[in-house]
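A.B. asks: Sequence:
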Amino acid sequence: MVFYELFCISRTRLIEANIKDLVKQTSLIVMNKGGVVRNLKPMGELPLPYRIRKHQEYHVQGYQWLMQFDANPSVVNELNKKLKVDPRVLRHAVIRLGSKLEDIVVSAEKTGTKV
Numbered sequence: 726m727v728f729y730e731l732f733c734i735s736r737t738r739l740i741e742a743n744i745k746d747l748v749k750q751t752s753l754i755v756m757n758k759g760g761v762v763r764n765l766k767p768m769g770e771l772p773l774p775y776r777i778r779k780h781q782e783y784h785v786q787g788y789q790w791l792m793q794f795d796a797n798p799s800v801v802n803e804l805n806k807k808l809k810v811d812p813r814v815l816r817h818a819v820i821r822l823g824s825k826l827e828d829i830v831v832s833a834e835k836t837g838t839k840v
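Position 20, counted from 1, in the sequence shown is what this note's numbering calls 745; the numbers after and before it change by one each time, with no gaps.
Since the hints were made in silico from the structure, they are not lab data. Where hints are given, some of them may not hold.
[What the hints assert, rightly or not] Derived DEER-like restraints, expressed as beta-carbon distance ranges:
1) K807 to E741: 14 to 24 Å
2) N805 to N743: 13 to 23 Å
3) S824 to A742: 15 to 25 Å
4) E782 to G759: 15 to 25 Å
5) G823 to M756: 19 to 29 Å
Positions of the beta carbon are idealized from the N, C-alpha and C atoms, including for glycine.
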């Protein structure tokens, strides 16, 4: 399986339960297809670098969160389709971090540090 990172910006005017439901649904898509969610990191409500027009209104702030997961490439395609049409999501990006653990974690030998 390949290691991915999902960065998502959702609407700020949502109830906290809606944001939790969005994160839960996204995680369930990954897990139901045999993937593993490694890390969830809420980054909170932050100002956007520029104004985003989505769902017929302009947004200047967004609730941002990060999810790291292992999954097949087909799961990423399904995630992209679901998040693209979800009215709670302003923007999202899935980044491939690597296919092996050695690609992601720098070993102590390469950095010159002692373990």
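A.B. asks: Indicate, hint by hint, whether the structure satisfies it.
C.D. replies: Here is how each hint holds up against the structure:
no., hint, result
1, K807 to E741: 14 to 24 Å, "holds (21 Å)"
2, N805 to N743: 13 to 23 Å, "holds (20 Å)"
3, S824 to A742: 15 to 25 Å, "violated (36 Å)"
4, E782 to G759: 15 to 25 Å, "violated (37 Å)"
5, G823 to M756: 19 to 29 Å, "holds (20 Å)"
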